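> For the protein sequence lines, the chains are A and B, in the order given.
Residue numbers for the first sequence follow the numbering used here, so the first one is 37 and each next one is one higher.
Residue numbers for the second sequence follow the numbering used here, so the first one is 37 and each next one is one higher.
Hint data in this document are derived by calculation from the structure and do not stem from the laboratory.
Being a predicted model, the structure only gives us computed values, none of them experimental.
Honestly, I wouldn't trust all of these hints.
Chain copies aren't distinguished; within one or between two, either way the pair holds.
Said to hold, decoys possible - Below 25 Å or equal to it, Euclidean Cα-Cα: the simulated DSS-like pairs (lysine-lysine) are: (1) K377 / K70; (2) K158 / K70; (3) K41 / K70; (4) K261 / K333; (5) K158 / K261; (6) K333 / K59; (7) K41 / K261; (8) K158 / K333; (9) K70 / K333; (10) K158 / K59.
Number of protein chains: 2
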Amino acid sequence: MVDGKPLRIGVAGLGTVGGGVLKLVSANADLLSKRTGRPIQVVAVSARDRSRDRGVDLSNVRWYEDAADLAVDPDVDVFVELIGGSDGIAKQAVEAALAAGKHVVTANKALLAHHGAALATKAESAGLTLAFEAAVAGGIPAIKGLREGLAANNIREVHGILNGTCNYILTEMRTTGRDFADVLADAQRLGYAEADPSFDVDGVDAAHKLAVLTAVAFGAHVDFKSVHIEGIRHVSALDINYAQELGYRIRLLGIARRTEDGIEQRVHPCMVPITSPCGATDGVFNAVVADGDFVDKVVLVGRGAGAGPTASAVVADLVDIARGRSTPTFGVPAAALEPAKAAPLSRRRGRYYVRLMVVDRPGVIAEIAATLRDQNVSMEAFLQRGRAPGEAVPVVWTTHDTDEAAMQQALATIASLDSVLEPPRMIRIEDF
Amino acid sequence: MVDGKPLRIGVAGLGTVGGGVLKLVSANADLLSKRTGRPIQVVAVSARDRSRDRGVDLSNVRWYEDAADLAVDPDVDVFVELIGGSDGIAKQAVEAALAAGKHVVTANKALLAHHGAALATKAESAGLTLAFEAAVAGGIPAIKGLREGLAANNIREVHGILNGTCNYILTEMRTTGRDFADVLADAQRLGYAEADPSFDVDGVDAAHKLAVLTAVAFGAHVDFKSVHIEGIRHVSALDINYAQELGYRIRLLGIARRTEDGIEQRVHPCMVPITSPCGATDGVFNAVVADGDFVDKVVLVGRGAGAGPTASAVVADLVDIARGRSTPTFGVPAAALEPAKAAPLSRRRGRYYVRLMVVDRPGVIAEIAATLRDQNVSMEAFLQRGRAPGEAVPVVWTTHDTDEAAMQQALATIASLDSVLEPPRMIRIEDF
């Protein structure tokens, strides 16, 4: 199975993660060789800037300008793609590597979310491994945990905090009382958020990861286009305070659930109990919770980003390859993946938090209550603090279990009331 | 690698876990066959009581009186040992199975704690798999997580709640205010604790699991005899209340740490911050926290016992075998395991909680304080509530970082004071 021959790696992309991989493979070389029975050697790299010091001696390593050339280097056994992006050079290079008979390890969730099934088919038909532990939840062994550790189970649901930037922003908003824009600006200064933060704060990054996790959990085709996506731009300090008061935290969650209508996939802000696994996960950490028919709930928490944790995940995949282990890409052979069948969000049944800004005058609450009654939406708790006759005041309530379709209908009607001054803010409650 | 041929299983021991495995393999047969490319079939079993209904049709399955006969059945590919016990029939049968060229899957932590290295050597020299995910932390994929998911890391420390019975008892004591003996009796009535609870409450079961986890984490020989073991019989409702007041929970933890003196392994009650992963894990749940040099901390939480979760772990091992995957038993080949070198507990440096029952009279505190000063033990917080001149009152303090040896010396001196009425209760504080 393994014969002591070095496993030769080509690393495309030497940013934060690529630099971390080089550092890890060098620092823990003896350990890796002891664990796998063979050395893991970086023999070639590609990156835009050749002059930058990456803290590792690269003098004996072949340099390529173009990742696609590195991908077909005849002396490379495994192509490690750390470039990013769903298309363009990353996709070309990965396809070239597979066509040239090389295993591929990637941290690229966008690529997998858009082309995962096609790439898995290519890899498996050539007897190659396509591995991507680092693409979801950073250093947490979430892919291995689901695909192998919980392989005996029908997974009923998987959910988690999949974007550390959003979780950092929401945590900071709560602990400092500041508003979204203010905390985001700080996060950008500190390097926790990108200059263009939209992939993170609009939920796209979490949705990429959720689509990949869903495929692994349910043995189904990656179906990114069916993910319902809402980001955190509309979450206000006011809502975070109300959440606390009601015993909840606001988190951006990715949730995938098998339902009678198909697989439901959604990324949006949720209220979750403060002591639930996701409620208790603050700051830049990620959490993944899987619910299997025999194992029940399993919770995995750790660092979701950063050079060290992501490199740990990339090299775990290399260790598997070096040990001669391989598993179907998404847990079942690509040809046997279940066709994507998306359950519409309108069929969600659950609880809701709603906040309105209304004119404080007699009859407003009666009007809202009548609208809810007409849609069969049953109120659970209702909060209105202080009075300011004739001025804008927040009105907050939570509902008992309600259909999403009815809730949306009620919100549309409420939004059109004269006394309602801003679009209603609705946050789904998940009592995990 | 896999060829569609059924993987034929022999299950020895049909108690709670064995019954769960039969049920899982039957209920999720299609799923398992889809994930592995071949059917997983139970073809033979052994158990003492043939007549008991286990809710699964066993009419086409061969029955053995003796597990050692089942172990050498020529039509069995994998021997699943669910008998338990460090020696006797479980050990004989596992050795017989390996000698007959069969893979072994076991949930038997006692067997592995005492004979793990020898069995690993036997298995590996014959090219066989010895797998034991179910032996540690029930349904949590802790062994796979460490041995494969975090394989790129030098593990610095692993700790966790490894015994659900103890965690249930400690949680009940806190939430109901009742004493140990009372809660234990209830747990026995409910089936959460054995008639003879000593393996659980005296820390032996947790120590077996810790010894196995340590071997996997550090690639070292299983060294059960070096585990320092204290159970929870001495934890009182009083200490649990003081812990709460100080911001801690009392947990029975297993802790393994690489130190300059060797590997430290200990099982004892700890005070951990209420919001730490182990502090937040209540009831029958288990938690495992690993700290790796690149990944930092990873937390895994789930059900540590019960038919379903344990069967999930056993069958995950079968899925690996069916997929043709194998990994060195303890993460590095048995021949390359590091010799056990135990770090003495006397070298521990950390914080301590101490409670005394003293006679309430002038000068007592001064006497205790002088003893601590003489041993260079620096007090952090000190609590004495109420007064009852001439009677017994509790006195509690916590220390700054202190050497275990100095602490033990100070406690011995304090215990000998006339005004100290009971042996001092000391609980180590771990600020994870």
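> Does each hint hold? Answer for all of them.
Verification of the hints:
1. K377 / K70: Close across copies (19 Å), not inside one copy (45 Å); limit 25 Å.
2. K158 / K70: between (32 Å within a copy, 19 Å between copies)
3. K41 / K70: Answer is within; shortest intra-copy Cα gap is 13 Å, inter-copy 33 Å.
4. K261 / K333: Intra 27 Å, inter 33 Å, cutoff 25 Å: neither.
5. K158 / K261: Within one copy only: 21 Å inside, 51 Å across.
6. K333 / K59: between (35 Å within a copy, 19 Å between copies)
7. K41 / K261: neither (42 Å within a copy, 38 Å between copies)
8. K158 / K333: neither (33 Å within a copy, 35 Å between copies)
9. K70 / K333: between (34 Å within a copy, 23 Å between copies)
10. K158 / K59: Neither, since 31 Å and 36 Å both go past 25 Å.
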